[in-house]
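*Asks:* Protein chains in written order, with this note's numbering: chain V, 116 to 352; chain P, 432 to 693.
Read the hints as simulated data drawn from the structure, not as lab findings.
Some clues are possibly wrong.
[Claimed, not checked] Short derived list, chain V residues pointing at chain P, Cβ under 8 Å: (1) Ser175; (2) Ser185; (3) Gly291; (4) Ile327.
No experiment lies behind these values; they were computed from the predicted model shown.
We put the CB at the ideal spot given by N, CA and C, even for glycine.
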Amino acid sequence: MAFSLTQSARQTHDPMDSYVYDGKSAETRNLKPGELSTGTTIMAIPFDGGVVLGADSRVSTGTYVANRTSDKISQLHDRIWACRSGSAADTQALTDYVRHYLGQLAIETGRLPTVKTAAYLMRKLCYENKDNLMAGVIVGGWDPVEGGSVYNIPLGGTCIKMPFAIGGSGSTYIYGLVDSEFTADMGKNEAVTLVKKAISHAMARDGSSGGIIRTVIVSEGSNEREYIPGNNLPYGP
Amino acid sequence: MSLSFSSGGSAGTNSRSSLMASGTGRTTRPIVTGTSVIGIKYVDGVMLAADTLCSYGTMAKYKDARRLFSVNSKTLIGGGGEYSDFQTITDLLKRNALEHQCTADSLYDEDNSEDCAREVWNYLRAVMYNRRNKMNPLWNDLVVAGFTQTSSGDEPFLGLVDKIGTTYEDKYIATGFGSYLALPIMREKYRPDLDEGEARALLEDCMRVLFYRDCRALNRIQIAKVTKEDGVLISEPFEIETSWESASFVSPKGQLDGDGGW
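For reference, chain P alone in the conformation it holds in the complex (with noise of 0.2 Å):
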C-alpha cells in the first residue's frame, strides 16, 4: 500500500477532488474522540462550553485537548467526535479567514471581510453534508455560536452540524451525552434575560453532571462566549467542583449485613 499526499488517494476516483478528500482514506469510526459541547444564549450573547479531554477508546489520553476555536472576532465553534477531523474544520475554516482577509474589496473595508456566525454554519453544513454524499463523513458534532446580521442589525446565533449535514439553530444546544442530560437542564433553567453570571453557572452545573455520568468527560473544562463588545473570548482551562459528600454515597453496600445494594 503506498501514502499518497495528492490528490485522489487510494480509491483514485474522484479527480475533482478538493483538498478536503484527497489521499487520506475514510474515516470508519473514530479514534480519539471529544465527547459533548453544549451552548447557550444569553442577554449579551452566546456562550459555550467543553471540556479538555480527547479520549482513546476508554483511555482518557489528551487532557488538554482545545475543543473550542475562534473562528473570526464573530464566530466561535465547539467539536465533539474524532479530533483529527475537528482540526482539519478549523484549519479550513481559519485559511478561509485569511482568504477573506487578504481579498477583501478594500484594505480599509474590514468591516463586512468576515463570515457571520450564520454564513459558518451554512458553510459547515455544505462541506459536512458533502463528505457525509462521499460516503467519508467528517465524524463530528459542531456547535456554531456567535453574531450574524440581520436586517435589524447584529443578533445572537446559535445552531448545530453533524456528521451527516443535519443542521438546526435554538437556544440552547448540546451534542453527544449533553443532549440527553445537559438539554433538560437548560430547558428548565432557561430565561431570555439570563445575565453572564447566571449562564456561566448553569453551563458548569451542565458540565457538572455530565463529568458525573459521562465515562468520557473530565472535570476540567473552558467556557467560551461572544459578544458585540469584545467579540470571542475563550477561558483558560479550569477545574470545576464536584460534590461526593452524600450519606448514601458514603455508606458501604458490601459487608456481609449490607443490604443487597450494590
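Bound-form chain V, shown alone (with noise of 0.2 Å):
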C-alpha cells in the first residue's frame, strides 16, 4: 500500500529548529489560521466483552465554537470505532481512508478485521505524514480474537496498546482522576459511568472541549449509541 501524502525521501530536518517557545500549546500550534480544531477530550476503556468509548462535542476555530454538538467517534467498521482529536480535517480525512482499507480487507478476507489491523492501519497513515498531520486517534473496538480492545495513537505516530486511554486538550485535566478511579476488571456499567464522570469533570475545565458527551459501548452483538445533553451532565460545566 504505498499511501503517502508527501514525498518518499525523508528529509533532514531537525523539528525542534522551528519550535518556537511562545506559550502555544502542542494542540494547536501548528493549526492554520482558520482551521477547525477538535481541541477536546476523548476516552475509551475496554471492558469484559466488549469497549466503551466517549467523546465531548465541541469544535472550535481560535475561541469560536462551530460546532457545538459535532461527533466525534467515527465509525471504521462494523464493531470498530475511532475517537478524533486534533485538526477536523485531518482526522477526517484519516478516518476515511482507514475505513477505505478497512472495508477492501473485510472483503477480501471474509471475516471481521481486528481491532488492531485497523490500529496499524491508523498509525501507518498517522507516522508517515506526521509532517503534515495534527491527528491524536484512540482507535477501539471489539474483535473475536481480543474481545474488547484500546488502542492509543498520539501525534507523531506511535501506536500503543493501552488499559485504558484518553486523549485531547482536556485529558490533561482528568490524569488523576481516573488514575485514581480506573480498575483492570470493570464491567461494563462502571467503565461507562466513569467515561461519563471523566469526560464531564474535563469538559468543566478545558475551554476547547464542552457540549454534550456522546458514548458508544461496542460489543459483540451491537453498538449502542448513548447521548447525554449538556445541561444534564454528571458533573456540571
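Quick one: dock chain against chain with the hints and give me the complex.
*Replies:* Dropping the structure here:
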C-alpha cells in the first residue's frame, strides 16, 4: 500500500529547530489560521466483552465554537470505532482512508478485521505523514480474537495498546481522576459511568471541550449509542 | 532581576510615576482573562450581565470570579480582559470614592460627594489612555453603567472604555465576543420602554448564546442593575438554562452510513 501525502524521501530536518517557545499548546500550534480544531476530550475503556468510547462535542476555530454538538466518534468498521482529536479536517481524512482500507480487507478475507489491524492502519498513515498531520486518535472496538481492546495513537504516530486511553486537550485535567478511579477489571456499567464522569470533569475545566457527551458501547452483538445533553452532565459545566 | 515596590520599576524612567505605573512591569499579554460583559438601558435604569469565569489560557480556572463591581450608589462597572488589571482599577476607584467621601465639603452634604457614572467613565478614559501612551496598558474592556446628572435630573448612562482609551456610549453595549454575538440580538429586541423582566430575559438570552458559542464562557452569570430608587444591586451568581434537545443535535453523524457530516 503506497499511500503517502508527502514525498517519500525523508528530509533531514530537526523539527525542534523550528519550535518557538511562545506559550502555544502542542494541540493548537500547528493549526492554520481559521482551521477547525477538535480541541477535545476523548476516552475509551475496554471491559469484558467490549469497549466503551466517549467524547465531548465541541469543535472550535480559535475561541469560537463552530459546532457545539459534533460527533467525534467515527465508525471505521462494523465493530471498530475511532475517537478523533486535533485538526477536524485531518482526522476526517484519516478516518475516510482507514474505512476504505478496512472495508476492502473485510471483503478480501471474508471476516471481521481486528482492532489491532485498524489501529495499525491508522498508525501507518499518522506516522508516515507526521509532518503534515495534526491528529490524535483512539481506536477501540471488539473483535473475535481479542474481545474489547483500545489503542492510543497520539501526535507523531506512536501506536500503543492501553488498558484505558484518554486524549485531547481536556485529557490533561483528568489524568488524576482516571488514574485514581480506574481498575483493571471493570464491568460495562462501571466503565460507562467512569467515562461519563471523567469527560464531564474535563469539559468543566478545558475551554476547548464542552457541549454534550457522546458514547458508543461496542460489543459482539451491537453498537449502543448514547447522548448526554449539556444540561444533564454528571458534573456540571 | 530585583523586585521593586517603589516607583521607578525596572525601566526606571518615569520618576513622576503615579501609583498606577510603578514597579509592576508591563502587561504585554493577558494571562488570566474574563470574557464578554453586556449591558442595556431599560425603563428603570441600566442592567449589566457577565459570567463568573476567569480563564487561564484555555483552562477554566476561576469559576467564581466577580467581574461586576459597584463603584458607588450611582455607578456600576463590568470588566473583561486581564483580571489583575481589573482588580487594580476597582481598587483605584474604591480609593477615590473613599477620598471623596472623607474630603466632602460638609459632613452633612453627601448628595454631591459621589461621582456620577459619566464622571467615572471619563476618569477611566483618562486612566486607560494615559497607560496606553506609556505602552503599558491596563488590558481591559470596561463597561460603565449608572446614572448621570444632567440639567433635567438624573439620566441613565451606559458607556464603554477599552484598553487603549476609546470611549463611546449607547443604549446597549457589549465587549469581546458579545460584540459579535450579543449586540445583534440586543439591537433587534431593544425598546426604550423595556421593563425589568424583559431586559433581564434579553440579557440572559444573550449570555446563553455566548455560553454556546464562546470557548471562554460559562453558564454561571451575574446580573446587576442600577436604578434611581435602589442604587446598585448585583445578583448572586446563578446558572442559566441551556438547550441540547434538537433532533439534529442528538442524531449521530459518525456511522459508516453517515452523511459525511460532523
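*Asks:* Could you run down the list of hints and mark each one as holding or not?
*Replies:* Structure-based check of each hint:
1. Ser175: Given a least distance of 5 Å, the restraint on Ser175/V holds.
2. Ser185: The hint holds - Ser185/V has a Cβ within 8 Å of chain P, the shortest such distance being about 5 Å.
3. Gly291: 15 Å, violated
4. Ile327: Nearest chain P Cβ about 5 Å off; hint holds.
Hint check: a violation occurs at hint 3 only; the rest are consistent with the structure.
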